[in-house]
Structures are given as structure tokens and as C-alpha cells.
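Knowing the structure of chain F, use the given hints to seat chain W on it.
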Amino acid sequence: MISRRDFLQVSMAASALYGASGFGNWARLAAQQSLTQDQLLEFETFGNISLIHVTDIHAQLKPIFFREPEVNLGIGNAQGQMPHVTGAAFRKAYGIEDGSPSAYALTYNDFSALAQAYGRVGGLDRVSTVINAIRADRPDALLLDGGDTWHGSYTCYQTAGQDMVNVMNALKPDAMTFHWEFTLGSERVNEIVEGLPFASLGQNVFDAEWDEPAELFKPYKFFERGGAKVAVIGQAFPYMPIANPSWMFPEYSFGIRDENMQAMVDEVRDAGADVVVVLSHNGFDVDKKMAGRVRGIDVILSGHTHDALPEPVLVGKTHIIASGSNGKFVSRVDLDVRDGQMMGLKHKLIPIFSDVIAPDPVITALIDEQRAPYEAALSEVIGKTDSLLYRRGNFNGTWDDLICDALLSEREADIAMSPGVRWGPSILPGQEITREDIWNVTSMTYPNAYRTEMTGEFIHIILEDVGDNLFNPDPYYQQGGDMVRVGGLGYRIDVTKPQGQRITDMTLLKTGEAIDPAKTYVVAGWASVNAGTEGPPIWDVVESHIRNQGTVTVAPNTSVEVIGA
Amino acid sequence: MELSRRETLALGLGAAVMALVPFRANAAAADAISAFTGGAEMADGGVSLTAPEIAENGNTVPIEVSAPGAVSILIVAAGNPEPGVATFNFGPLAAEQAASTRIRLAGTQDVIAVAKMADGNFAKASATVKVTIGGCGG
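Chains as they are written, first to last, in the working numbering: chain F, 538 to 1102; chain W, 2 to 139.
Bound-form chain F, shown alone (with noise of 0.2 Å):
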């Protein structure tokens, strides 16, 4: 199946991205010299099919700052093993050089000084230049799309996902998965997926009342590609009933449903598929188990848990590849197809650096287009950070540290909460912030933010089963995503037991006094999963904390002390 050889250039993608010297130097302008659009793109046409992997862009149409997260445990098996190494044990994997453009892309260290150096990423006019250079090379190169495309800015939450279908449409994509489109509604959705002009997948979208597959979401799709038959399965985001409102997509029901999975590698191998892609909203863990269990898949191109792999990891015969979120990179995956199989692989994880790779004028021009309308609100300064804000991270990020700070004084509660999303830049030390900053980390459909009595001991319930959708040792047990994010409490947990046993030592921050079960607190929080939640939606509410503070800052959050990793 695959030689050693094909691993061997696997593994040089990640070291192709050096420059030739001189990165002691962090000027931009050093930076970017040593790095060019050519090395970026460099690739040698492999095999006789290539496909193009985006996913979890969550509406970035323009180039913004992404920092990887610092903490990102896995448990179990999954313990050690990617996507669960961050930082310098990462690096010392794909072996990056520490400061290097890929340690800015792929780890979280000395983030603020590499990006000053290196400058923002991603922005869909330079996908489609990197798209456009993969198409030069292969005309026929599939573009695939994993979902979490229309959610996620100001323009996409007011314009109902239009300015990303808009967008993505001229990239023209050959199919897509789903998760977050799903809280448009299934009205809007129904509506954009019939004008699709590609095809959108689900072999796990099922109607709910009937447990039946869904009539407008096909399992699977055949190309002809490269004199051979793909087959690319889709598989949307198998949690989107609980994880989201389920009252937003009432007809639908998802789940894992590995069988019928197998039931349509098999169905599509008996149809003559030589090759079999999964495009995979399932998150990265998942789709491990998943490999592991479904015979017959070449590829899963893995989205949701936004995990950035320079290289495929291989279970069984399986290959998997996690290309990153918020349009920060996109994969290149050129495969050599003949006599009904796979023979072998090659792979790049391409970092979409804002400043080195040309943006593609007319995308551009309809990026511009679609943002013109709203360009008065979007650009308005609401104030400026003194610190780094990021999101990612298992237990906290400055940003939601932030976004509790806000609801504790504006909404005058004693604890706060809000939700363990992957999605959202960062900002930088220095920057300002615009209302588009904010509506970046927390726009959505659902964005009430509550305010309620809660007892103690229903709060530990919380946590706790939040806590064991990620850190459940069975993957299919876990939802993707990160721990739920507290103000005004702390708690110790030890990541290795069971549900129930996991959170203790819950202390009320303003008092210091251990949280009392029987005892009730003033809760606010946003994103509840429930209908008709009210109060304010959460972007008014982090906007007028920040205009309160002019220059925010947010001190080292220590009040999540963590155990057994």
C-alpha cells in the first residue's frame, strides 16, 4: 500500500515551510522575505486525484490572527497521541523550529512577537489563490468543504449565511458537510442547500420523526476523477442536537450511525468506487474510533475539533487529515489511484499567510461586496486590549475570560459561564478592538444572555457533564469543543475519572467560601441549548463592558486547577 518513500514525503511538507535563514530577525519585512508564495505552494504533482480540504472557516472571509491552543489533553488512548500535543512537544514531533512560520502556525508559543513577524492568516481571497495554483497543477482537483462555513461573523449572522455561500460559491467547492449552518434553522438551511450548486453530504443526517435518511442530504457523491471512481462520503456533525438547539432543526436527527457508515463504504465499494473519502464533520477523535470500526475508507478529512496536522495520521489503512479552522490552512492530498485501490498518499498542510500568498482580486471584490453594507458597524472601535485574546484551550482562553468578566459586572452576577467553542481570533497585545472583534467570538443564533438562580449542587451537575462530553475516555461519548468557561468560580478537576467524580473543590471567587450545594448563586451565562432563553445578546453585552474598561486587560486566569493529565 503506501512505501515508506510516500511517508518520507509526507513528512517534508511541514519542513518545506522553512525559510532559508534569518528568523532571529522579527521584522515583518524579514519574515516575508524568507517565505514566499512558491515555497508555500510547492508541491509535487502526485498520483492521479487531488483533493482540496477546507473546513470550520466559521465566516473569517478575511485574514485574522489564530492562536492554537496551549492545552488540548487527550485521555485514554488518546493520551500523548495527536491531535493531544501542543506546544514544544509538538514541534519536536513534526520537527519545526522553534520561531519558524510553522511554530507561528501550528503551536501557541511566543504567539504575540511571531505574529507581529509573520502577520495574519487565512482570508478566502488567499485560499482561492492557493486553490486557483492547486487547480493550475490538476484541473480536476475536488474541493471539499467540512462545514462550519456560514456561522460565525457579524455579516454571516446578518445576512443569514448569504455572504458565505456567496463567497464560497465562486470557489466553486464539489461537495460539503454541515454543523453550524444547522442554527440558521432548518428553514434557511433547506433554502441554501437546494440552490447549492454542489452537493451536500450526510450519510448521518437522518429525518427525526421517521429515523430515516433525509431526502435533501445525499450519503455520498461519485467523481470521476484521474480515470478512477471517488466516492466522497459525508458525515455532518453527529452531536448537533445536543450540542446545539435541537428546537432550531426539529426535523433532523444525526448521531454517529457507524453501521449505516459501513453500509455505504460497502454500497459504494459494490458500486465501483476505487477510492473512498470521508469529508468528516466528526471531530478528530472520533473519526479515530471511527477508522478503527468502518472497514474499506482511504481517506476521512477530519473536521470539527479544529486540530491542524502537517501530517496524516494513519489508522489501520486509513488516513486521516485535520486541516485547522477560521480558514487558516487549507490541505492538499494528492492521491495515486489505480486497479481499484489506493497506492498512495501525499500531503500538505498549507498555512494561509495573509502576507505572503497574493489574495485573489476578485474574490476580494466580492468579499468587499458583501461586507460593504455593514462596513460602518463592523469597523467601529469599541476599545483596545492590553493583552493577548485567544480562545482555545481546554479549561480557558483570555477572550472568554473576558466575556465572563462582562457578564459578571454588566449583567451582576456572582458566577459566570460560557461556552467551551473552538471557534474565534485572537487579538493582539496593543490592538484595537472593533465590533467585528467581538461579534468574531460570539456571533450566533442563540445568543441570549440569561441570567438566573442556580444551586450549588446543580452547578457541579453542570460541570460535570460537561466535563465528561470531553473528557469521556470513549470518543463517541465526547462532542468536540472545550471545557464550559467560568467567572467568579473555581474548581479543581482530575481529568481521569468518572463522571460524577471529576469536579471538586468549587469555590465562590469573590468570597473564597466553598460553593454550598443546597445554597443559591446568580448565574449569567449565554448560548443555552434551551427555547426562549432572554436576556441581551451576549456581543451588546462583552461591547459595553469593553467601552466601560477603554483599555482591557485580563490577568492569568488560575482558578481552574487541573489533575490527572
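These are computed hints drawn from the structure, not numbers from a lab. Please read all numbers here as calculations on a predicted model, not as lab measurements. Keep in mind that a hint or two might mislead.
Simulated DEER-style distance windows between Cβ atoms [as the list claims (entries may be wrong)]: (1) W:95 / F:748: 17 to 23 Å; (2) W:87 / F:1037: 25 to 31 Å; (3) F:1081 / W:87: 50 to 56 Å; (4) W:83 / F:1081: 47 to 53 Å; (5) W:49 / F:635: 49 to 55 Å; (6) F:709 / W:122: 54 to 60 Å; (7) W:45 / F:1037: 24 to 30 Å; (8) W:49 / F:851: 27 to 33 Å; (9) W:49 / F:618: 27 to 33 Å; (10) F:851 / W:83: 45 to 51 Å; (11) F:1033 / W:69: 53 to 59 Å.
Far from chain F, by Cβ distances over 10 Å, these chain W residues were calculated [to be verified]: (12) 70; (13) 83; (14) 85; (15) 87; (16) 88; (17) 92; (18) 100; (19) 101; (20) 124.
The beta carbon of each residue, even a glycine, is placed where N, CA and C say it ideally should be.
Relative to chain F, chain W alone:
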């Protein structure tokens, strides 16, 4: 500072959530199974039970069971106060020994299917179904 009844309801995390701690198989479940098997040994394999890993709605969880060659299949929700769910009996003319239904689960627990085969032997399968508050991921 007073919360209206409406606001409290709006949060709506509900009473069901109080039952989130995993339910252990209780004595009633063991009794229901031994009443069905008469205490006989149960083989693993021969029964397939399909259930969601995480319930989308604990009040109506779709399950499917199939046991080729079975004359009868018992379904037990081991953590429910009343664990017995259903017994499917298959006559000699049944085209296949399979059934699907929806069940209500009081919390995270094991669902167990026990099949009585034509030769009088028993086989079982079980699946853990998690009932959760939910939240959000990536």
C-alpha cells in the same frame, strides 16, 4: 435581582437534568432478565442492538434490535425505575427476527437486549446510552 418565573423557566435546564449521574443496573433489571431466561447463561453475540451513543432526546430514544433465529427478544433499560421495556415475540412465519421502537431513558444507562433462540439458548447485547444536558463544541 428578583428572577421572574418566566426567566427561570426560560433557562429551562429542567428537572430531568437532576438525573444525570449514571444510573447503575438495578436489582429490578436483573430480576426482569432472570425471569425471562430462567437464570440460564447468556452468550455474547447473536444479538445486535443499535442505539445512539448519546441520546438526542432522552424521552424518545430510537433503538433497533435483531437476532436471527430468535423466538423472543427482551429489552431492558437497566437504569429506569421500571426497567422492563418490551418483549418481542416472533412466530415461525416471521420473515426476520428484528424490531425497532423508541424508549424513554431516565438518565445515562445501559440498554440490554436478551434473545431467546429457537434451541432454547439465550444471547445478549448491551449499549450505553448517554443522556446529557448538552453544550457546545467546535
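> So which of those numbered hints doesn't the model satisfy?
Replying inline: Numbers 11 and 19 - these are the hints that the structure violates, sorted from lowest upward.
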